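Chains A and B, in that order, give the protein sequences. Last residue of the first sequence: 833 (this note's numbering), numbering continuous. Last residue of the second sequence: 499 (this note's numbering), numbering continuous.
Do not take every clue at face value.
Subject to a maximum C-alpha distance of 30 Å in a straight line, what follows is the list of computed DSS-like cross-link-like pairs (lysine-lysine) [claimed, not checked]:
hint, chain 1, residue 1, chain 2, residue 2
1, A, K649, B, K81
2, B, K232, A, K658
3, A, K630, B, K232
4, A, K639, B, K493
5, B, K232, B, K267
6, A, K658, B, K267
7, A, K586, B, K232
8, A, K586, B, K493
9, A, K630, B, K81
A few chain B residues that face chain A, going by a derived Cβ cut-off under 8 Å, partial list only [what the hints assert, rightly or not]:
hint, residue
10, M70
11, L100
12, A103
13, Q104
14, K172
15, Y177
16, S180
17, P182
18, K184
19, N329
20, N418
21, S419
22, D496
23, L497
Here are a few chain B residues that face chain A, going by a calculated C-beta distance under 10 Å [stated by the list, open to error]:
hint, residue
24, Q78
25, G164
26, I183
If you are wondering where the hints come from, they were derived from the structure by calculation, not from laboratory data. From a predicted model like this one, the values you see are computed outputs, not experimental measurements. For every residue, glycine included, the Cβ atom is placed at its ideal position computed from N, Cα and C.
Take a look at the letters that make up each chain.
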Amino acid sequence: MPLIEIKNLTKNYGDGRGIFDVSLEIEKGEVFGFVGINGAGKTTTIRHLMGFLKPDKGSAVINGLDCWNDAAEIKRLIGYVPGEIAFPDTPTGIDFFKAQAELLGVKDLSYAEYIVKTLQLDPTAKLNRMSKGMKQKTAIVAAFMGDREILIFDEPTTGLDPLMRVRFIDILNEEKRKGKTIFMSSHLFDEVEDTCDKVALIRDGKILAVKSTKEIRHNENKSYKIEFISKSDYKRFTALDFSFEEKQEEKNQVVVNICDNDINAFLGVLKGYKIKFISEIKYTLEKYFNSIYKERQNNVQ
Amino acid sequence: MFNKTIFKQTFKSNYKLWLIFTAALCAMSVLIIAQFDPIQINSMMDMIASAFGDAMGDVLSGIGTITLNNMLSGTFYGMLAVVLPVIFVVLTANGLIAAQVDKGSMAYTLSTPIKRRTVATTKGIYLITAIFMMFLVVSLVGLATVQVTQGSAFGDAYTADVKGVSKEFGWDKATVAGNLNMILENPEAVTRGAEARKIDEDVYKLYLQQKIDGGTNQTTMTPGEMAEFQQKFLAGITAAAEVLDTSVTGLTSNLAKIKNNALALEAAAIAADLVPKETLALAPNEEVALEMQKAAFVGVINAQLVSKQFTLDAGLNFSVQEYLTLNLGAVLLIFATSGIAFFCSCIFNSANNSLALGAGIPVAFYLFQMMSGFGEGLEFLKYFSMNTLYDPNAIVSGGSFWIQFLVLALIGVVLYVLAVQVFKEKDLPL
């Protein structure tokens, strides 16, 4: 049985807003990415997991407990970073951590201290004077503090600089090694691609696809960008029967899709041309999802 | 149902507001009680009576002597003790739930294994505790102030003359109050005491003597004689009023004026004609007869003034029970009001809406209550205001109030229970 199971979850806010028939399964030990543009329904889904919203239809279940009915009970398993960071009326970061530890029933703050150090956070700073990034770090520390089984993060890297983003991902990988289950939302494809085992794409409140990042990384369909030195070569090449993704006549450039099986044949053909450069364009999650978008749109048309 | 940690944290972030409001309320209570001077306030009422003529005088004399309880019920408990705590309650209630949901910080409280019901209940309990503690402190400070400044919270009050004389001679107030002969036998003390009471020494001595003898002397007149006597006395005052060119009511409340004006006294004495015919017949001449009439009239005035002093002393009387009941009523009204504010705080996810209704309804209640007193046409408004259930005037003047108290308590309890239920069941944007 999956650790987190969302089944036909529906919350209709009217005017097409909300989430509709969302179903997801997250296994124990999995790092699950939840991607979509702003307003796609990521936060609404997460609020159901936290028991803040009551489903119109369907259910969210964590470890066999219903997220709405047993909202308090499931919190024993969850560390949470909310999408919008606003702290209680405690003066400094330390005061906040102490207050939060009391509520969580956490006695040992050494793990929190470790995260504070890793993220280079100054917890003695006044909460209301903190920059966006500092606030985000503070929220992250609060989520890790309880050393919970499941971590639910709503856009956790918002406001973090690139260096801290890397640090954060390091911490996530550590947690993953410890067997934690992580559910995080993001609007950045490369971020989830680097960290997650599985990624779900949500758009307009509906799940478009769920994909393993391994599959994407080891995709056999690759794209290559080639620039020819002469216009005549360009013209000769584009006349061939390849799957072209892009043709730029003025630069003598093409982007061509080649499956790994055909790579030798492709290289053989290239021998007869004078090329300026050739480079592989990585197949990314973004590309994958974009292709799904396009497919859907074509289907609709 | 109750979480100690949440209570502690709620206390930590809210106690300052409580301190400010409690201190302000205590300060006002202390000022009002310490300032209270029954002689001054009652003579002020007399002045108003004489200034506004007979009609107003009748209205005012219907009120009777103003005691400290009366005064507090009208000023402090009629307004300040309601308005200030309502502001406190509205601000606090909004901050406890709605503001935190609006801001988003409630997410941290609710991402812990503490039930929503427990969170809301604990915060409600904080608000209720804060209100009751506020009034407990105000009541205790009030009682202490009454004791220190008026001496009448526990035991009899010290009258102005006792206070004045004790201060002048360095005597102990309690000793003097227990043995008024100390004043009576000391001419200087009599002068000082009379000054403190703003009466002349003759009247003061009479007052002291009567007080030592134990209360006012009973009249032996029959009702018929009494009526005749009052008629004569009134005739005397009317005559004096004409001479002094003032209203009869005004003069009635300031009889000493007649004593100080020879012409007025003469006119009054002749008009009243208090001395029996057979006694007058003994007078060797007209002059002596007039003197006898004058003396008789002054005697009656003095007796009246003395009895007025006794009334004023009654104004110092203080009923602890009434005082505590005034506080209990106020605390119940605020409790019910806090129910409204807390309910609004639990319903709304936006602090603006919570404040708008949480403050709007109590303010409307207060305005309706005020307007319902403006005239008969607006009296129906009292049925649209919860505040009319707390009537401080009824408490000090022997009206009924226990049922209203019970209703207020019920309103509060029901609203708090509903508020917790609503908070438990609603969607939260966290």
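Evaluated hints:
no.	hint	in the structure
1	K649(A) / K81(B)	28 Å, holds
2	K232(B) / K658(A)	56 Å, violated
3	K630(A) / K232(B)	57 Å, violated
4	K639(A) / K493(B)	28 Å, holds
5	K232(B) / K267(B)	14 Å, holds
6	K658(A) / K267(B)	63 Å, violated
7	K586(A) / K232(B)	70 Å, violated
8	K586(A) / K493(B)	11 Å, holds
9	K630(A) / K81(B)	13 Å, holds
10	M70	12 Å, violated
11	L100	32 Å, violated
12	A103	37 Å, violated
13	Q104	38 Å, violated
14	K172	4 Å, holds
15	Y177	6 Å, holds
16	S180	4 Å, holds
17	P182	4 Å, holds
18	K184	4 Å, holds
19	N329	67 Å, violated
20	N418	11 Å, violated
21	S419	14 Å, violated
22	D496	5 Å, holds
23	L497	4 Å, holds
24	Q78	6 Å, holds
25	G164	8 Å, holds
26	I183	6 Å, holds
Taken one by one, the earlier hints fail for this structure at numbers 2, 3, 6, 7, 10, 11, 12, 13, 19, 20, 21, listed in ascending order.
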